[in-house]
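S.K.: Based on these hints, arrange chains P and E on the given structure of chain L.
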Amino acid sequence: MTGLDLAAPQMQRIERDGDVVAARQIGRHLAAEIGFSRPEQALIATAISELARNIVSYAERGMISFAAVDAERRQGLRITAEDRGPGIADIHAAMTDGFSTGNSLGLGLPGTQRIMDEFDIRSAPGEGVTVTVVKWKSR
Amino acid sequence: MDDIIASSGGRHGPPGGQIADQLRWFDITETDRRQAEALAVTADELAEQIIEDFYAHLLSFDDARRHFRSDEQIARVKKGQLKYFRELVTAALDEDYVRNRRQIGQIHERSGVTPTLYVGAYAYYLHRLGHRVMDRMQDDPGRALALLLSLIKIAHFDMAQALETYVEAREATIEQREREMSELPTPVLQLRDGLLLIPVVGTLDSYRARSLTVKLLEGIRDHRARAVVLDITGVAAVDSAVANHLIQTMTAARLMGASSVLTGLSAEVAQALVKIGVTGEALRTAGDLQHGIEMAERMLEI
Amino acid sequence: MPVRVPILRQGRTLIASIQEDLSDSDILALQARVLEDVIRHRATGVIFDVSALDVLDSFGTRTLSDIAAAVQLRGARMVIVGIQPEVAFSMVLLGLTLADVPTALDLETGLAMLGRAA
Numbered sequence: 029m030t031g032l033d034l035a036a037p038q039m040q041r042i043e044r045d046g047d048v049v050a051a052r053q054i055g056r057h058l059a060a061e062i063g064f065s066r067p068e069q070a071l072i073a074t075a076i077s078e079l080a081r082n083i084v085s086y087a088e089r090g091m092i093s094f095a096a097v098d099a100e101r102r103q104g105l106r107i108t109a110e111d112r113g114p115g116i117a118d119i120h121a122a123m124t125d126g127f128s129t130g131n132s133l134g135l136g137l138p139g140t141q142r143i144m145d146e147f148d149i150r151s152a153p154g155e156g157v158t159v160t161v162v163k164w165k166s167r
Numbered sequence: 038m039d040d041i042i043a044s045s046g047g048r049h050g051p052p053g054g055q056i057a058d059q060l061r062w063f064d065i066t067e068t069d070r071r072q073a074e075a076l077a078v079t080a081d082e083l084a085e086q087i088i089e090d091f092y093a094h095l096l097s098f099d100d101a102r103r104h105f106r107s108d109e110q111i112a113r114v115k116k117g118q119l120k121y122f123r124e125l126v127t128a129a130l131d132e133d134y135v136r137n138r139r140q141i142g143q144i145h146e147r148s149g150v151t152p153t154l155y156v157g158a159y160a161y162y163l164h165r166l167g168h169r170v171m172d173r174m175q176d177d178p179g180r181a182l183a184l185l186l187s188l189i190k191i192a193h194f195d196m197a198q199a200l201e202t203y204v205e206a207r208e209a210t211i212e213q214r215e216r217e218m219s220e221l222p223t224p225v226l227q228l229r230d231g232l233l234l235i236p237v238v239g240t241l242d243s244y245r246a247r248s249l250t251v252k253l254l255e256g257i258r259d260h261r262a263r264a265v266v267l268d269i270t271g272v273a274a275v276d277s278a279v280a281n282h283l284i285q286t287m288t289a290a291r292l293m294g295a296s297s298v299l300t301g302l303s304a305e306v307a308q309a310l311v312k313i314g315v316t317g318e319a320l321r322t323a324g325d326l327q328h329g330i331e332m333a334e335r336m337l338e339i
Numbered sequence: 287m288p289v290r291v292p293i294l295r296q297g298r299t300l301i302a303s304i305q306e307d308l309s310d311s312d313i314l315a316l317q318a319r320v321l322e323d324v325i326r327h328r329a330t331g332v333i334f335d336v337s338a339l340d341v342l343d344s345f346g347t348r349t350l351s352d353i354a355a356a357v358q359l360r361g362a363r364m365v366i367v368g369i370q371p372e373v374a375f376s377m378v379l380l381g382l383t384l385a386d387v388p389t390a391l392d393l394e395t396g397l398a399m400l401g402r403a404a
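Residue numbers (the numbering used here), protein chains in the order written: chain L, 29 to 167; chain P, 38 to 339; chain E, 287 to 404.
To be clear, the hints were calculated from the coordinates, so they are not data collected in a lab.
Be careful, since some hints might not be right.
[Unchecked claim] Output of the computed footprint for chain E on chain P, the stretches with three or more beta carbons under 8 Å from beta carbons of chain E: (1) 258-266; (2) 292-300.
[As the list claims (entries may be wrong)] Below are the DSBU-like pairs computed for lysine-lysine, each with C-alpha atoms no more than 35 Å apart in a straight line: (3) P/K312 to P/K252; (4) P/K120 to P/K190; (5) L/K165 to P/K312; (6) P/K190 to P/K116; (7) P/K252 to L/K165; (8) P/K115 to P/K190.
For glycine and all other residues, C-beta sits at the position ideal for the given N, C-alpha and C.
So that you can see chain L by itself, here it is in the shape it has in the complex:
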């Protein structure tokens, strides 16, 4: 992932569904501080919500961290969602609209990818999932 850290990243533990709310509020505040427009803030908050819910639904606990990033004179927000859950065996399938193994619509990951500018997912069975996304401020 591109970008240089500007500030110490903030973290939010994700263990219960109340943490999903907390995570998207942190993300939204940070996005506002960086200067994202209101529509962009909404997109970011929505993406965080999806990432956090995936943790609660599939891995029970995990962590979401937030960092302001700066690259090539662009400012952005990087969000990393990590868990030590069962992991995803077939990432390709998980990235297809409509795929779901749990109690969600299965739109979470591909939808999140559409919302954000950069999307990276790493996982192996038994080793949890790490999703890193970046949203860049529009010029």
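M.R.: This is chains P and E only, laid out in the frame that chain L set:
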């Protein structure tokens, strides 16, 4: 200036921004520089005459003559040219040199010196110089050829600097125009209570498409609109990405409680929409603005 | 702390006005209460006012769809009102189009919509 040099580094092609790489690309070695420099005295002696001949040649073209307003201007340009060619044989080919060459390229570009004029002038100079050098070094034509070949390599490297600047300047102009086009305001017109018309004119790049979305959706909220007519008659090119974005925007409008009609689609765009699987149900369209407004008015009555 | 969303009654229409960011369990609790109230008050219409929300993600949207379907099985109609511009666009990008639930700009328009249908 630094920016211009640095930005060329990111461009495609084997010669990157690094001067060392460029020199390697042109196969310019220390020997070439020494050999070109060996021509310095000869070039100095001959330059003035060549330039005089060149201007006689140049000014026989009406188009070229129009570039010059006065004899003083011609004298000034001649002097500049003398310096330019002198530097060519003695150049260190370092960063300062490249920066200077690019600056000159910019000046040429701005003052309307076309690449043809520029390259033609160069060819004229090299050609004349070449003949004179061969004449002078009749006793050692092999060496004369070697010196000239080295000079030609350096001259090509030199021309490349100026031409890169031309291309960059043009690109910057195009970008500037595109930005201006994309900054054209998109008005939100209230035709009557609850009915908005948004005429889109110009190009719809991704930036402008985004701001159109924001305007349309906020327009719905601010005017409490229940129907929107989006007219894209004046949009130059609608590719599938833009079409997809328009459909997403209209879907978002529906989530807010407003119906929308898209008017002014060209036959090609309509076909493109069918190709990406958009059907009449997802997208209400009307052939022209008039019908679009009528359609929207009927929606208001429901 | 669980959030309790007030459900107002106007004639035979119920109005659930969500004022703050809800967690998934808050939404599920709301779903149960709305369905109980529809039966108890023999409501013919339900309005969900989400104008204060700045996020409606896949779970929230799906639950709203579920509630609408259940409300309909009780013979009533449901309208979602007040989806904000930025929320609407985020939903579309996520692929959430709420195709089966009527929407309206605000409470007033939503009430008018249910009135016409009645």
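S.K.: Each hint: holds or not?
M.R.: Okay, the hints, checked on the actual structure:
Restraint check on the stretch 258-266 of chain P versus chain E: 4 residues with Cβ-Cβ distances below 8 Å, three needed, restraint holds. Coverage of the stretch 292-300 of chain P by chain E holds [criterion: at least 3 residues with CB-CB distance below 8 Å; count 4]. Restraint check for P/K312 and P/K252: satisfied, since their Cα atoms lie roughly 28 Å apart, inside the 35 Å limit. For a cut-off of 35 Å, the pair hint linking P/K120 to P/K190 stands: about 19 Å separates their Cα positions.
Restraint check for L/K165 and P/K312: satisfied, since their Cα atoms lie roughly 32 Å apart, inside the 35 Å limit. With a CA separation close to 24 Å, the supplied pair P/K190 and P/K116 stays within the 35 Å bound. For the proposed pair P/K252 and L/K165, the alpha carbon gap of about 18 Å is at most 35 Å, so the pair holds. A hinted pair counts as satisfied when its Cα atoms are at most 35 Å apart, and P/K115 with P/K190 qualifies at roughly 24 Å.
In this structure, none of the earlier numbered hints is contradicted; all agree with it.
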